[in-house]
Amino acid sequence: MDKKIKVTLIKSPIAAVPKQRATVEALGLHKLNQVKELPDNAAVRGMIWHVRHLVKVEEE
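Numbering (the numbering used here), first residue to last: 1 to 60.
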């Protein structure tokens, strides 16, 4: 079974750098407190690292 991680948008990306806003949208997060279950791989981890101040991560 593939590993998954839950990513929650906890802070608005409105005042963030445009690249960070695009990263949040690429993660599939559009509204505050929205939760997405994503595969735990290097690409997703790198995206999360760039917006770590805007999201909360829960490992399963």
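Just so you know, the hints here were simulated from the structure itself, not pulled from any lab data. Just so you know, not all the hints are guaranteed correct.
Straight-line Cα separation of at most 30 Å, BS3-like style, residue types lysine-lysine; simulated pairs [what the hints assert, rightly or not]:
no. : residue 1 : residue 2
1   : K11       : K56
2   : K19       : K56
3   : K19       : K4
4   : K36       : K4
5   : K31       : K6
6   : K6        : K36
7   : K36       : K56
8   : K19       : K3
9   : K19       : K36
10  : K11       : K31
11  : K31       : K4
12  : K3        : K56
Checking one constraint from the list: CA of K3 to CA of K56, max 30 Å. Satisfied? holds (17 Å)
Does K56 sit within 30 Å of K36, going by the straight-line distance between their CA atoms? holds (11 Å)
Holds or violated: K19 with K3, Cα cutoff 30 Å? Holds, at roughly 27 Å.
Within 30 Å, alpha carbon to alpha carbon, are K36 and K4? holds (10 Å)
Given the proposed pairing of K11 with K56, does the C-alpha separation stay at or below 30 Å? holds (9 Å)
Would you check the hint for K31 and K6, treating anything up to 30 Å between C-alpha atoms as holding? Roughly 15 Å separates the two Cα atoms, so the pair holds.
Would you mind confirming whether the straight-line C-alpha gap from K19 to K4 stays at or under 30 Å? holds (24 Å)
Regarding the pair K19 and K36, is the alpha-carbon distance no greater than 30 Å? holds (20 Å)
Please work out if K19 and K56 have their alpha carbons no farther apart than 30 Å. holds (19 Å)
Take a quick look at whether K31 and K4 sit within 30 Å of each other, Cα to Cα. Roughly 21 Å between the alpha carbons, so the hint for K31 and K4 holds.
Are the Cα atoms of K6 and K36 separated by 30 Å or less? Within the cut-off at roughly 6 Å; holds.
For a C-alpha distance cap of 30 Å, please report whether K11 and K31 respect it. Measuring from Cα to Cα gives roughly 9 Å; hence the hint holds.
Checked against the numbered hints listed earlier, the structure breaks none of them; every hint is satisfied.
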